[in-house]
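*Asks:* Two independent chains are provided; combine them into the complex using the hints.
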Amino acid sequence: MANNNTVKWSRKHLLGLEDLSAQEITTILDTADGFKEVSTRTVKKVPALQGKVVVNMFIEPSTRTKTSFSLAAKRLSADIVDFSASTSALTKGESLKDTARNIEAMGVDIVVIRHTTPGAPHLLSRTINASIINAGDGAHEHPTQGLLDIFTIREMKGRIKGLKVALLGDITHSRVARSNIWGLTNLGAEVYVVGPSTLIPTQLKQLGVKISYNLDEIIPQMDVINILRIQMERQKAGLFPSIREYARLFGINAERLKKAKKDILIMHPGPVNRGIEITPEVADGARSVILKQVTNGLAVRMAVLYLVAGVSADK
Amino acid sequence: MKRVILDKSSISDYLKTIAERILDRNKTGSSLALVGIQRRGVPLADRLKEILSKKIKHDIPTGHLDITLYRDDLKTIGPAPLVKGTDINFDITDKNVILVDDVLYTGRTIRAALDELTDLGRAKSIQLAVLVDRGNRELPIQADYAGKTIKTTSSDIIHVKLKETDGKDEVVLSIDNGE
Numbered sequence: 007m008a009n010n011n012t013v014k015w016s017r018k019h020l021l022g023l024e025d026l027s028a029q030e031i032t033t034i035l036d037t038a039d040g041f042k043e044v045s046t047r048t049v050k051k052v053p054a055l056q057g058k059v060v061v062n063m064f065i066e067p068s069t070r071t072k073t074s075f076s077l078a079a080k081r082l083s084a085d086i087v088d089f090s091a092s093t094s095a096l097t098k099g100e101s102l103k104d105t106a107r108n109i110e111a112m113g114v115d116i117v118v119i120r121h122t123t124p125g126a127p128h129l130l131s132r133t134i135n136a137s138i139i140n141a142g143d144g145a146h147e148h149p150t151q152g153l154l155d156i157f158t159i160r161e162m163k164g165r166i167k168g169l170k171v172a173l174l175g176d177i178t179h180s181r182v183a184r185s186n187i188w189g190l191t192n193l194g195a196e197v198y199v200v201g202p203s204t205l206i207p208t209q210l211k212q213l214g215v216k217i218s219y220n221l222d223e224i225i226p227q228m229d230v231i232n233i234l235r236i237q238m239e240r241q242k243a244g245l246f247p248s249i250r251e252y253a254r255l256f257g258i259n260a261e262r263l264k265k266a267k268k269d270i271l272i273m274h275p276g277p278v279n280r281g282i283e284i285t286p287e288v289a290d291g292a293r294s295v296i297l298k299q300v301t302n303g304l305a306v307r308m309a310v311l312y313l314v315a316g317v318s319a320d321k
Numbered sequence: 032m033k034r035v036i037l038d039k040s041s042i043s044d045y046l047k048t049i050a051e052r053i054l055d056r057n058k059t060g061s062s063l064a065l066v067g068i069q070r071r072g073v074p075l076a077d078r079l080k081e082i083l084s085k086k087i088k089h090d091i092p093t094g095h096l097d098i099t100l101y102r103d104d105l106k107t108i109g110p111a112p113l114v115k116g117t118d119i120n121f122d123i124t125d126k127n128v129i130l131v132d133d134v135l136y137t138g139r140t141i142r143a144a145l146d147e148l149t150d151l152g153r154a155k156s157i158q159l160a161v162l163v164d165r166g167n168r169e170l171p172i173q174a175d176y177a178g179k180t181i182k183t184t185s186s187d188i189i190h191v192k193l194k195e196t197d198g199k200d201e202v203v204l205s206i207d208n209g210e
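Protein chains in written order, with this note's numbering: chain A, 7 to 321; chain B, 32 to 210.
No lab work stands behind these hints, which were simulated from the structure alone.
The structure presented is a predicted model; accordingly, all values stated were derived computationally and were not measured.
Virtual Cβ for every residue (Gly too), placed ideally from N, Cα, C.
Watch out, some of these pointers could steer you wrong.
[Said to hold, decoys possible] Quick look at which bits of chain B chain A covers, simulated, 3 or more residues with Cβ under 8 Å: (1) 95–101; (2) 115–127; (3) 146–153.
[To be verified] As a list, the in silico DMTMM-like pairs of lysine to aspartate or glutamate whose alpha-carbon atoms are at most 20 Å apart: (4) K155(B) to D175(B); (5) K51(A) to D146(B); (6) K51(A) to D103(B); (7) K51(A) to D118(B); (8) K80(A) to D187(B); (9) K50(A) to E51(B); (10) K182(B) to D38(B); (11) K267(A) to E196(A); (12) K199(B) to D77(B); (13) K80(A) to D146(B); (14) K33(B) to E201(B); (15) K50(A) to D118(B); (16) K298(A) to D36(A); (17) K51(A) to D77(B); (18) K33(B) to D187(B); (19) K50(A) to E201(B); (20) K115(B) to D77(B).
Bound conformation, chain B alone (with noise of 0.2 Å):
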């Protein structure tokens, strides 16, 4: 069974409520960065540094973190995934870091997004924005700034779809009921 649980303008609303929540917890936005996960975190970092940058009148540091080469399980499948690059071209130490990705699901992927950002740097904060957080969390951590909560099991399948990636805005719940 599929469900459409957020449609574009559901995906906007909640965009802009994050960047309000971002600015409410980092007051000045001076010491602000943006980097969106590969692949779909990227056009959301891109998105929020658009809403964010016409609040507070200056421009936010934004990069792209690519962390295949830093998966848990680069020992156990094959073939090798896809290196996409990671493209920071600012320093992140002292910087207030905004992690972002599409969805929040066991946790790895946040796990080695977090040993790649403390390799390229000594970040004043790192703090967790996603569009969808669907828990079943395999470690511990958690998103500071949540669009959707879902309750999902293990074999759903949620797809997000983004203009930048996909050609429309649109998040899909696949539900497998053995059908």
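Next up, chain A with everything else stripped away, as it sits in the complex (with noise of 0.2 Å):
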């Protein structure tokens, strides 16, 4: 690297974590490292995207990813554009492949995407010549939401391997679990799931995951907890008893924390559902990064903008 001044990245489309080397993660973390101070200036802007345009495609509903790249975009002198499903014309029937060549028609370099349907962005990938940047399909991957919790955990512990991370809750419908689990298990972290057995599929060892039921029993060799979000209509479907019995097992709270290690990191994608799987009081104390995920989420949205752009100017 030393005596390189380009980054080994050469891909034009930010599909997943599952097929992204070490390598390329850590080129990912190490530029968004020297975004982060961008958000700190007076003038919170640089002209890297100038003249680029950004699409942010989401066919299903999002406040805080779509906010986080639009200002990403913004802070790049990227032009952005707002499509939602509400208002588009997909509700009139008209196929994504339509509506992504309708919207490519106009000059866009980016498209960002969140779509319901897992490979939603693939698909696009093959269809249109933006690049493609992933911002979640269906139960499948997030990637961004999982380099920005390996970056806020490198950040707070200065590396990635040898640390024991639990993913808790609903594994089996989390996208942003299975980013995790390619990411952190990628770059050597010992990645525990934990959860009820109705939430968590069993074919996941195969990724090299260690399983269990009880959190009690893990909690206190944990280095770090990524809460995922319970969705309420999950219980509805019959795949845990109540919301109370839930919290009960798996929720984070200052009794259970006492059992962990006191350097332990608490993290949660958002939103969060407080007295659910997490307490107000571990949720703001003095061992949750949830905001700082938040703000870190900017940096490496930046630096993953900032990379696809550099490859999409070489083709």
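*Replies:* Here it is in structure tokens:
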């Protein structure tokens, strides 16, 4: 790296963390390090992506990811256009491909897409010429969330290798969990998934993670707990008996935290169900890095936009 | 053909001369600040700080500037250049900022640095110090303090090595004479 002034990055799209090498993930994290400082300036803007057009194509509601991508693009001086499902032709029956081709015809460089269907970003990357960034596809992947989680852990702990990281809650329906698993195991962390057996697919063992159904048993060894959001409709579907029981067995509260290491990190991708998966005193407590995650998300997304834009300029 | 144009002692002499001339122009030195451009401007700024601090007996705020995100060729080159990060933890407003780089060539790096500094605050003045001025400017930019001035062509390569980044102090000129 010392003698090379360009980054080791050759991907036009960011579709997931599954197929990224450890080197590529590290490149994104190192680049994000350089971008953090921009957000602390009086003028929080650099001209790196001046003249580029980024489209936020969110075919599923989202506030924080969308806002984070908008702000990241703006801090790089790109122009950003929002395209959301409720206001779009998609509700009139136009296919995703047609919509994307129409957007492309307007001269777009980067499409940030969130979609309920796994693989939608991959389909787009084969359909149109712009760079595609996956902002969440069904229960498949949410790569920038995985990256900002890993970035935050590395920033706080100074390393990833050898750390014990638990992903807690609804693993089956979580794209955040998948992106975390691929990224963290690739960088040498020991990943545990913890939750009710009905919410953990047993095939996960093939990805090299350890499965536990008993939070109290594993909590003393953990360096990090990344708490996933419990979606209320899962309870209605009968996947766990009651919200109260879930909170009792798998909720993170001050009492439970006493069994953990003193320097444990408590993470949550948001939005938080206070009082269910985490109590307010822990969410706002000293071990929580939930707001740091949000701040870091901006730097990570700036880094991703910058890196993929560098490749499309090359093509 | 390779030729050493500066060795350890001449680098050190040039830096001392530059420091003296900086003090000539900024008499009391009270509002001086140093900003080194990544990468090799950074150790040079640190060395100037050391020389200047001894003469004016107080600390001079010093920072690093990474001009990558302000380059004018980002749209045409790829892959993306490495982002090393800017680290200026003082307010440059009302400071006499000495911008430090190893080589002054086309002037495009300095143009980017000036734009970035302008976004960071309103300096009282910005002055440019370089170890080597090799000519061939593409923009109307000149150094206020230049060490060695040398005529080159655009196919020549100037390789600045510094102890902090490369293990030794030396400036080498490589001339491509078609052999």
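*Asks:* Give me the numbers of the hints this structure contradicts, sorted from smallest to largest.
*Replies:* Violated hints: 8, 9, 17 and 19; rest satisfied.
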